[in-house]
Amino acid sequence: MSLLDVFTVIMTASGFFFFFAGSIGLLRFPDVFCRLHALTKADNLGLGLIVLGVLPQAASIFDALQITFIWLLIMVAGAVSCYLVANQAIETLSEDTVGQSDKINDLSMKKTTKPTINSSAGSTTNEF
Amino acid sequence: MIEYLSAIVGMLILMLLVGLGRILLGPSTADRMLASQLFSTAGVSILILLAIIQNQSALINVALVLAVLAPLTLITFIRLRKKPL
Chain E
1 MSLLDVFTVI MTASGFFFFF AGSIGLLRFP DVFCRLHALT KADNLGLGLI VLGVLPQAAS
61 IFDALQITFI WLLIMVAGAV SCYLVANQAI ETLSEDTVGQ SDKINDLSMK KTTKPTINSS
121 AGSTTNEF
Chain C
1 MIEYLSAIVG MLILMLLVGL GRILLGPSTA DRMLASQLFS TAGVSILILL AIIQNQSALI
61 NVALVLAVLA PLTLITFIRL RKKPL
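Protein sequence lines correspond, in order, to chains E and C.
The first sequence maps to residues 1 to 128 in our numbering.
The second sequence maps to residues 1 to 85 in our numbering.
None of the hints are false.
Listed next, the stretches of chain E that the computed footprint assigns to chain C, with coverage defined by at least 3 CB atoms under 8 Å from CB atoms of chain C:
1) 9-20
2) 40-52
Footprint (simulated), chain C over chain E, 3 or more residues, beta carbon under 8 Å:
3) 29-36
4) 63-71
5) 80-92
For the record, the hints were derived by calculation from the structure and aren't laboratory data.
Glycine residues also receive a C-beta, built at the ideal position from the N, C-alpha and C atoms.
Same shape as in the complex, but just chain C (with noise of 0.2 Å):
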């Protein structure tokens, strides 16, 4: 069980390294945010099988405060594009 889960874990960071190629690609700058959103939750993802490989639950705390402040990016990136405050 745990190999077949850090297997997962193996691949959900390559797939992760594929889809930032969209930060490469992106011609706006909101292409480029969805990819630290795919971030967002590939790698809180991670960190909750981590957890459980690992058998440690303070992982599952960093997966929270990472699905806690990962929205609050796209919403500064947001209220920065928009003109007057």
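So here's chain E without its partners, still in its complex pose (with noise of 0.2 Å):
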């Protein structure tokens, strides 16, 4: 074995761990963001990792291009498509739980109008 395949055995070993790492947190993690960390980020360095360690094997320089940009390619692929869905899973837990901005913006105009809110408390309940 040469110092290159060495480089690949390492290289695509430590790849493998990070992929595993990655669909292991997706199978586990609580909820959808969670989800999102581990496979966007994990996944993506998985990829980069697998690639590095191929480079060297690569039979022609050209292969070793395209596969240098196919990975480039999947790590913008990869945020735009975490955005994305975050984004649609913020957009609809805020549905289920009745507006969260609109909670937010409650609960800061409850704050602002506080005293009012401690002078007359029976009133001011029913207009939010």
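Fit the two chains together into the complex; they arrive one by one in their own frames, and the hints show the way.
Okay, structure coming up:
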């Protein structure tokens, strides 16, 4: 085994480790955002390490360039789709809990109008 | 080297099967789409490893197509979930 083969073995093994960690995280984490965190970060790192380890074994320089390009493409796609899924999850979350942003607005408004709430307790709660 | 890379491919496929359990479990549809995201990343790495193992550069093109098409499914999913278009 030459030095490059040792490099390949170490890099692909650690890449598989990160893939494994990401997939375990996808299974075990409690909600969508934690799963997104596990999947998009650990999996992209695992793919990057596997690509890095495979590069010395590539048949030609063109193949190596193409593999590197695929890795960059996957990184961009992973970032975009992570953002989109998180945005979607936040929207459905706020729909489920009767408007998360509205609730935050209510809280801030109640904070500013706290003296009036204290002075006339019964009437102001009906406004919101 | 080829045997070692084949073992890595086999373990990646097993890991992919375990990760796809999220499609069965997942409470929301976003979770299920995340499993498809895992499928795309792991599938691309499996295809790249297979291209190295079998010494076929065409499989790298297959991986490229998968890498291009995989985010489109997620983007379509997000576009469909939005109510008015």
